[in-house]
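*Asks:* Construct all of the structure, not just a fragment, from the sequences and the given hints.
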Amino acid sequence: MQKDVKRLSLILLFTPFALWILLLIIIPHMGMVVLSLREKVAPRVYEYGLGNYIDFINEPIYWNTLLRTGSMSLLVTVLALLIGFPIAYYIAKIAGNRTRGALFLLCLVPLWVSDLIRAFGWILLLRETGVISSVLQWSGLVHEPIEFLYNDVTVIIGLVYTVILFMIVPLVSTLDGMDNAMIEAGYNLGGSGPTVLRRIIIPYAMPGIVSGCIVVFMLTAGSYLTPILLGGKNSSWFTEQIYDQFITRFNWESGAAFGFLLLVFTSFVVWLGLKITGQTLANTVARS
Amino acid sequence: MAYRNKNAAFLWGYRLYVLAFFIFLAAPLIAAGSFAFNDSLFPSLPWRGFTLDWFFNDSEPKLGMFHDRRLLSGLYYSFVIASIVSMLSVAVGTCNAFLFVRGQFPAKNALYILMILPLVIPGVILGISMLVLASTIANGLENRFDIEIDALRPGIALVVLGQFAFITTITSLVITARLKKFDESMEEAAFNLGASRARVLRTITLPFLRPAMIAAGIVAFLVSFENFNTTLFLVGSESPLTITMYDRMAKVGSTPVLNAVSFVLMLGSGLLALVTIAVQRDKSKG
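Chains as they are written, first to last, in the working numbering: chain Y, 1 to 288; chain X, 1 to 286.
FYI, nobody ran anything at the bench for these hints, they're computed from the structure.
Below, a list of computed lysine to aspartate or glutamate pairs in the EDC-like style, where the Cα atoms sit at most 20 angstroms apart:
#: 1; chain 1: X; residue 1: Lys-251; chain 2: Y; residue 2: Asp-244
#: 2; chain 1: Y; residue 1: Lys-6; chain 2: X; residue 2: Glu-187
#: 3; chain 1: Y; residue 1: Lys-93; chain 2: Y; residue 2: Glu-184
#: 4; chain 1: X; residue 1: Lys-251; chain 2: Y; residue 2: Glu-128
#: 5; chain 1: Y; residue 1: Lys-3; chain 2: X; residue 2: Glu-188
#: 6; chain 1: Y; residue 1: Lys-233; chain 2: Y; residue 2: Glu-128
#: 7; chain 1: Y; residue 1: Lys-6; chain 2: X; residue 2: Glu-184
#: 8; chain 1: Y; residue 1: Lys-233; chain 2: Y; residue 2: Asp-152
*Replies:* Below is the structure:
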């Protein structure tokens with residue numbers, strides 16, 4: 001009797017989970033893959049084949065865009081780690097008890113504001129008639145308006161800005177769990193600052209670092225607004241290609257192929273990162 | 001703490017870096033918010049004096065946001081979508097938390113990773129996969145049985161489903177974290193005192209989870225409100241606010257009314273953030 005109740009409640013709890021994952025995640029993605037294997041041979045006549053993928057390989061613009069998106073996302077991930085790690089360390093280890101909470105909350109503030117507003121803020125600062133250009137002219141440093149928008153550096157700054165919180169938050173929680181005595185012991189044994197950082201702090205923080213990097217990389221590669229608004233029409237971001245195929249050209253088959261390629265490509269990069277660092281998905285992202 | 005005062009100059013440099021970082025974080029938000037009060041037709045310098053026209057003025061060319069029909073309807077649709085998504089995702093998230101904290105079943109770890117997955121799938125891909133499936137079903141029904149189901153065409157229902165698909169992961173994680181801290185001996189005590197299962201759930205377990213459920217609901221509401229990537233592909237004629245704002249920005253060019261909307265949104269999320277903190281603080285006392 002007791003066992004039946006347990007089994008029944010397990011089934012009741014399992015149903016919403018299974019419906020959610022099956023109907024909204026697995027089946028739609030399988031549908032996307034099936035659609036991507038369909039080619040239009042004549043009006044309203046379709047055949048199954050790899051045509052959409054062959055088109056992708058034959059058109060350098062497409063795979064160049066994917067490679068560019070991938071490499072810029074990696075650069076953004078590295079920058080976010082380099083900029084974010086000292087901040088996370090400061091919050092977790094150096095700041096006093098009261099400032100710690102306040103600083104952590106401040107870090108979260110941009111998280112509560114939509115991507116769109118953040119990108120809009122950057123546009124107002126950086127465009128030709130924007131705040132920075134005006135201030136530079138007013139101070140006499142330059143004599144003509146400067147356009148800071150629509151170049152790769154701006155896109156990278158904007159992307160780092162958008163995703164850096166997802167790096168800092170897991171890092172703070174990992175470093176927070178680290179015993180200060182471990183750091184002190186390192187110094188007492190004669191280690192210099194860089195040695196302690198390299199031999200004690202970074203190995204300890206590795207799960208947090210990997211978890212932050214995965215989330216940041218996926219968010220960057222999948223971002224749409226920031227590259228488009230800050231990079232303009234020539235930003236060549238891969239999500240833009242997907243949008244283009246779907247909405248502008250109404251070529252869903254090829255758009256689905258592009259979507260699947262982006263998924264495979266980003267998953268491959270994440271898998272490679274996990275292999276290199278010797279971590280697993282379960283002890284990094286799933287833990288935080 | 002010898003290593004701390006070893007190098008005062010280094011520490012000051014470090015502090016300056018942290019300060020610079022927070023200025024970097026705040027700068028675009030301040031820019032987006034403050035131009036709402038500039039008495040000018042463009043959100044740029046020079047400053048032409050303080051005004052509230054971009055909020056309350058009722059005529060062109062300075063149509064305030066509270067008189068702008070399209071912005072207001074966008075706000076309304078965003079609100080409706082976010083409310084539904086947040087309720088649904090908290091309900092399913094709570095079930096998931098019980099499933100993964102209490103349940104014993106085969107392949108639990110693999111299924112847990114499956115639960116995390118929607119969070120790392122790019123939003124654009126979630127959007128197109130949902131669009132493809134819904135359209136395939138809708139076309140199939142139309143061709144074969146001559147039934148037309150509007151809910152499967154781009155519109156509010158699809159936007160809700162698309163956002164729900166990944167927001168449920170967030171709520172599940174938040175509520176799971178809280179349920180893991182629950183001391184099961186409290187439930188056992190209630191059982192020993194003769195309480196039924198339903199009553200224990202209602203009077204002990206759910207009240208313990210309530211702060212996490214409220215916090216998860218607020219986060220879900222905000223993420224849904226702000227979402228752009230997934231929504232972009234699923235939106236029909238009833239555009240939520242982010243889509244309306246993006247259209248304005250891309251097609252019409254920006255006027256300070258967008259700053260006014262940004263300001264109101266930042267104020268709203270700030271208030272919700274305070275509510276979340278207050279709820280969490282009660283938790284640490286209780």
